[in-house]
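*Asks:* So the chains spell out like this:
Number of protein chains: 2
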Amino acid sequence: MTDIQRLSTSDADFATRLAGLLAWESVADERVQQVVAEIIRAVRARGDAALIDYTVRLDRWTPATPSDLELPRVRLKQAWSAIPAEQRAALEAAAERVRAYAEHQRLESWSYRDPDGTLLGQQVTPLDRVGLYVPGGKAAYPSSVLMNAIPAKVAGVSELIMVVPTPDGELNELVLAAAHVAGVDCAFAIGGAQAVAALAYGTETVPAVDKIVGPGNIYVAAAKRAVFGQVGIDMVAGPSEILVICDGDTPPDWIAMDLFSQAEHDEDAQSILVSWDAGFLDRVATSIDTLLPTLERAPIIEAALRARGALILVRDLDEAIAVANQIAPEHLELSVADPESIVGRIRHAGAIFMGRYTAEALGDYCAGPNHVLPTARTARFSSPLGVYDFQKRSSLIMASFAGAARLAQTTALLARGEGLTAHARSAEYRGGFGA
Amino acid sequence: MTDIQRLSTSDADFATRLAGLLAWESVADERVQQVVAEIIRAVRARGDAALIDYTVRLDRWTPATPSDLELPRVRLKQAWSAIPAEQRAALEAAAERVRAYAEHQRLESWSYRDPDGTLLGQQVTPLDRVGLYVPGGKAAYPSSVLMNAIPAKVAGVSELIMVVPTPDGELNELVLAAAHVAGVDCAFAIGGAQAVAALAYGTETVPAVDKIVGPGNIYVAAAKRAVFGQVGIDMVAGPSEILVICDGDTPPDWIAMDLFSQAEHDEDAQSILVSWDAGFLDRVATSIDTLLPTLERAPIIEAALRARGALILVRDLDEAIAVANQIAPEHLELSVADPESIVGRIRHAGAIFMGRYTAEALGDYCAGPNHVLPTARTARFSSPLGVYDFQKRSSLIMASFAGAARLAQTTALLARGEGLTAHARSAEYRGGFGA
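Sequences listed follow chains G and C, in order. Using the numbering used here, the letters of the first sequence correspond one by one to residues 1 to 435. Using the numbering used here, the letters of the second sequence correspond one by one to residues 1001 to 1435.
The shape of chain G in the complex, shown without the other chains (with noise of 0.2 Å):
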């Protein structure tokens, strides 16, 4: 039997019991941070030099000179020509739903005008240059390079920037091709806290950017957390997390894939059911248990389960909604007959997938919305990456002579009621109040 934890919510220690579950801290410690500035030191002291250092060090090979670290255009190119066609088919299939998607993000420059003539406005603007962080090895995901890539390149943004490090000179073609698909202007052959702080300042070779987008390791986030301020930066993200309500007429073994689905991440993923049919509880849980063996990464998903995971007893719907609201998760799957009913009583959830055909998985790819999502209940505040995290506004205002007269009367009330004089007088200037 997996060990999978039952909660219900008429258990007198549900609230403590389901805080515990979410419980999680992803502050870097003391250690991590100390590594971090010391590479942060380096890189912008030393640039290129400490870069090469670094790669050396950490990735086990050797660029003979800086112009070894670019990966350029043409480079991306080949491995998108070099991959199966049936790779680049899939690829290209989801590139182009998540542009699609994306398109409908992009916010548009407007203003009015005030019945004096006066002009209020917000000019929206791409980022000039982004930064994209995306691991090496194993951990390397051509998906998350579609996802990030996308939604910067329809907002605008000029050069898009690639780094993906090489732990013994070991490239990724998917990733590579996956770059190509998606617009990445050129890439780095650099990972770790050094390329974050090679994107953030610059160096004879890395060109600094205005924002770093990408998951990374402890390290990386940490530089990430480091740089914000000289640079923007996407969330930080912790372990994935998927949310399935279920009233219970889904086959248990479809919501016992969706819940292995996050599982199979890793070990720190959170896969949780909620459901007010006590006996569809138990069937997912056969599921869990029949189905579990078959799968390639069967002990993550084990012990992902048995450390995070959870079937929730609720009284019915509305409990079942609570619970949602109150986790706010990153995926959250509305497993019901009649979804568009209640999904406007969702207050918090970083995407919602309705309906008992929609898999969460199918978001991760290609369904077209953003993959990047926010998650340890961080969806009480945050959103998913899109068009908008690579725009800016600029508010305009363009005063008429009449409404420049009005105005200055506040301005200037309120300016002396703070004592800020100079912001009072320049007010009546312009208000022919004179000096």
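Just so you know, the hints here were simulated from the structure itself, not pulled from any lab data. It cannot be assumed that every hint is accurate.
What the hints assert, rightly or not - What follows is a list of derived Cβ distance ranges for each label pair: (1) E1030(C) - E204(G): 26 to 34 Å; (2) G1432(C) - S67(G): 46 to 54 Å; (3) E204(G) - Q1033(C): 28 to 36 Å; (4) S67(G) - A1045(C): 53 to 61 Å; (5) G1156(C) - R57(G): 47 to 55 Å; (6) S10(G) - A1045(C): 28 to 36 Å; (7) D1266(C) - E204(G): 36 to 44 Å; (8) G1202(C) - D3(G): 30 to 38 Å; (9) E1319(C) - G419(G): 35 to 43 Å; (10) F433(G) - E1108(C): 40 to 48 Å; (11) R315(G) - R1044(C): 31 to 39 Å; (12) G419(G) - Q1005(C): 23 to 31 Å; (13) D68(G) - A1049(C): 58 to 66 Å.
Stated by the list, open to error - Residues from chain C that keep clear of chain G, each with C-beta distances beyond 10 Å, as calculated: (14) L1021; (15) D1053; (16) P1066; (17) R1075; (18) G1169; (19) E1170; (20) Y1219; (21) G1248; (22) A1310.
A quick note: this is a predicted structure, and the numbers were derived from the prediction, not measured. Beta carbons: idealized from backbone N, C-alpha and C, even for Gly.
Please arrange chain C on chain G, whose structure you already have, making use of the hints.
*Replies:* What follows is chain C alone, placed relative to chain G:
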């Protein structure tokens, strides 16, 4: 003669001098971070008791019970009724314009369907609960309360909780009045890192929020950085800055006063004027000398202009725009004849003030756009505070039977390419490809 640097783009060392002028690192030192970490630990462990201890020690007044820390809504209303009528009118006028502009920023949910019936969309929801930090004492700006609170309420945030320290037990009635007119739901007389910790983790008296916004001193900024992840935060602001581009035809006194209006904030504030008219730069320098002695905050202004101010001579408008995009200023004045013809070439700026009548100060109080803006070149990747900072998005996916079958093929191929078999099988079930 006021000491203000003169630079010219034709100087051989222009790039270096400009970089030196802009240099600003706001990272809190290790001692501050340790103090803040200790305060956060104490508030998490001891809740209200810790809040009271720190209030006694740091704000020098003694709450008899935790409920003494509360400033109920009726107390805010009382402040509103007690301030002079003309200040009430000015706050009301400003609030109304800020609200009207914010209404234009509200994001709406959307969705579309593929030809096969698959639904894709984005559901937009407000944050549940937001904390607003307001500094106490002299730096307490009622305008800042309006600018932080109103977008949150326009977004639909149901609970907006203000914290404001009361050094020596002294409350700022204008701040409380602004909180009333802005729709703040409740307030607490606490400040510093302990207030940030209370908002992030909750105490017996202070409810935990989902995001914390608002300006504060170095301890508040460090505390916000430390709790980021547990809750969302707004940006960590640096000193205020203005860049004025002038064609030489705006009265030099007006421009001098605009430079003063930034410089009077504090000694680190930055005021820069760019023009291709050398004679105009001289005339503004003369205005600075003449007007400076007439200002209440002359010593602060003089210190700021000396340390971080500059008059920059450029060859032409194109160069002026290039300098502006390089600086990415918080506030940009285009004090020229036809600002609309050039505003589209400004790639990075927090807010753009167009034309001779648009004093930057109008934007600080009542023009409508937010005065919380990206500083220290962060306009390269970030935006003014807005309604969108209090909304979040959830992706929506609802696959039709036909859509699930089609998407399952692409999903399965890409998932197997990444070694994630459970992902592939979860999709294949729905695609009718069996287990």
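*Asks:* All the hints need checking, so say for each whether the structure fits it.
*Replies:* Against the structure, the hints come out as follows:
no., hint, verdict
1, E1030(C) - E204(G): 26 to 34 Å, "holds (31 Å)"
2, G1432(C) - S67(G): 46 to 54 Å, "holds (51 Å)"
3, E204(G) - Q1033(C): 28 to 36 Å, "holds (32 Å)"
4, S67(G) - A1045(C): 53 to 61 Å, "holds (54 Å)"
5, G1156(C) - R57(G): 47 to 55 Å, "holds (51 Å)"
6, S10(G) - A1045(C): 28 to 36 Å, "holds (31 Å)"
7, D1266(C) - E204(G): 36 to 44 Å, "holds (37 Å)"
8, G1202(C) - D3(G): 30 to 38 Å, "holds (32 Å)"
9, E1319(C) - G419(G): 35 to 43 Å, "holds (37 Å)"
10, F433(G) - E1108(C): 40 to 48 Å, "holds (41 Å)"
11, R315(G) - R1044(C): 31 to 39 Å, "holds (32 Å)"
12, G419(G) - Q1005(C): 23 to 31 Å, "holds (27 Å)"
13, D68(G) - A1049(C): 58 to 66 Å, "holds (60 Å)"
14, L1021, "holds (17 Å)"
15, D1053, "holds (25 Å)"
16, P1066, "holds (23 Å)"
17, R1075, "holds (20 Å)"
18, G1169, "holds (21 Å)"
19, E1170, "holds (16 Å)"
20, Y1219, "holds (17 Å)"
21, G1248, "holds (17 Å)"
22, A1310, "holds (18 Å)"
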